Amino acid sequence: MANDILVLADHLRGQLSDTTAELVGQAKQLAGATGGQAVVALLGAPDLAGQITGADTVLTVDHPTLTDYTPEAWEKTLLHIVNERQPRLVLIANTTIGMDLGAGLSASWGAPLVAYAVRLEAEGGDIVATAQVYGGKLLAEVALGGDKGICTVVAGSFPAAAGGANPSVETVAPPPGLDDLRTSFLTMVEPEGGDVDITAADVLVSVGRGIGSQDNLELVQELADAIGAPLSASRPVTDAGWLPKTRQVGKSGLKVKPKVYLTFGISGAPEHLEGMRDAELIIACNTDAAAPIFDVAHYGTTLDLFDLVPAITDKVG
Amino acid sequence: MRIVVPIKQTPDLVEELELNDDETDVDREFLKFVLSEWDDQAIEEALLVKEAGGGEVIVVGFGDPDVELSLATAMAKGADRAVNLTGLGDGWIDSHTRAAALAEWLKGQEVDLVLAGVQAVDDLDGQLPPLLAAMLGWPHVGVVIGVEGKDNTIVVSQEFGGGKATRLEVKLPAVVGVQAARQPPRYASITRIRQAQQAGGIEEASVSAAGGGAGITVRRLFEPEKTGHADMLTGSPEEVADRIVELVRSKGVLK
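Sequence lines, in order, name chains A and B. Residues in the first sequence are numbered consecutively from 25, following this note's numbering. Residues in the second sequence are numbered consecutively from 1311, following this note's numbering.
Source of the hints: derived by calculation from the structure; they are not laboratory data. Everything numeric in this text was worked out from a predicted model, so none of it was measured. Just to be clear, a hint being listed does not mean it is correct.
Partner residues aside, some chain B positions facing chain A, computed with beta carbon under 8 angstroms [claimed, not checked]:
1) D1432
2) D1435
3) L1441
4) A1540
Output of the computed footprint for chain A on chain B, the stretches with three or more beta carbons under 8 angstroms from beta carbons of chain A [stated by the list, open to error]:
5) 1359 to 1366
6) 1369 to 1377
7) 1400 to 1413
8) 1462 to 1470
9) 1473 to 1484
Every residue gets a Cβ at the ideal spot worked out from N, C-alpha and C, and that includes glycine.
Turn these sequences into a full structure, and let the hints steer you where they fit.
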């Protein structure tokens, strides 16, 4: 138990996230090095246990307050599990759920945490994590000494667990206190229908912070219209309300894989790259030559978008 | 409702990040520090909650470089008090230490709600809001895109991918990690910022940071190895536009 690698299954509304299988694959590898087991904690959806492969054990905990996610109920339950099992390392996906639970568990369980990990190795008794910092401009190599630790892991960092034997499933009794919570689930809000589906488009024209203002969107909209592509965006643009959330590409938006992805004024924060790096042809326009977007783009230019965009519109139109 | 917004300064990522001699931290001496963008969102959301239901907004800094300017700016936007916590040192201040220091200071205050930026570009040891909540024993919700205050509770919208969100009700006191305010952060005029600076409105309080410490060892920072880099197109806008149209056309997506 003390050498186990424990993965928190990341799921919402009956669907496991892809990252869960990635973490299970990585946990199995690390467990081989630490001499423990790959254990998955599955909270509130015991039916999903059959979808988890490649781990040694799945622990299921069920309780009415775990079905619809609230941080408080999940946090209490996860702490209960790690207190009982005392794993060497807990792996949590860097999703909304992971951003809620990782650091809280660090304080309540008294274990160090490395956030935004993209690489993990067992090195002697230590776990060594490599993590993104400063918007992905730098990586940090960090040692987690001691006998317990937590990493929150960026999606897409590891290949998904490839099959393997079905894990044994154990049922764990819920911790006390789940009937007396201060957080209650009210409703799930689905995105408004009727907008264009950016995941279905062959070409996307995507804008970021560099566009500067809502008024300037018109310029890029003209280009998008000329090409016949929908406009998509990085987070700052949808946060500002200049485009609806349904147009947002990235970690807190949608994952897209068009034939052509044209970006204007997007610097390429890790959260954005997570959603578009698999596009077939990426062409990026950003005035900062050192912007991370150019590390994933196939072609790039540092021209001012306000000069370039109308020029492209002219040629296409 | 009394709302505390802890704020931090992080390096301006538009600038080149140089490393220190042993390559375990950025070289802070020549860096420009700006308000963490998520904290700017948290300030805006706090002001919106106050405007809707009354109350008080207190912004709290941790002695970071140029934090006085960010504190004064928050006051110019409508925050009622600004407090700078000192004693945490000059280097990288990890989130565990910040959370412990803030928890220590909060003990002397009667606070209903802490609204903090959900993350920061340098929170390698974890995000501040859940750490603080665990230390205080308060409930917490992160990745929040809207807060409505009621009597002894708040209703928050928590964002999941692709436009999905859940609405949760949380009893106060509570900690909320703000992803985005309901509207873009407002601007403060230079005149009002100067007034806030001159009024001597920024309080100071020293904290011990006992109980902090991330428990991790940063061995080195380094630039990600490039698996590839874009072919850079140069020339006039017309020349580059020609090339881009040709590239797009080659994928068969243009008529």
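Comparing the hints with the structure gives:
| no. | hint | verdict |
| --- | --- | --- |
| 1 | D1432 | holds (6 angstroms) |
| 2 | D1435 | holds (6 angstroms) |
| 3 | L1441 | holds (5 angstroms) |
| 4 | A1540 | holds (3 angstroms) |
| 5 | 1359 to 1366 | violated (count 0) |
| 6 | 1369 to 1377 | violated (count 0) |
| 7 | 1400 to 1413 | holds (count 3) |
| 8 | 1462 to 1470 | holds (count 5) |
| 9 | 1473 to 1484 | holds (count 10) |
The earlier numbered hints that this structure contradicts are 5, 6.
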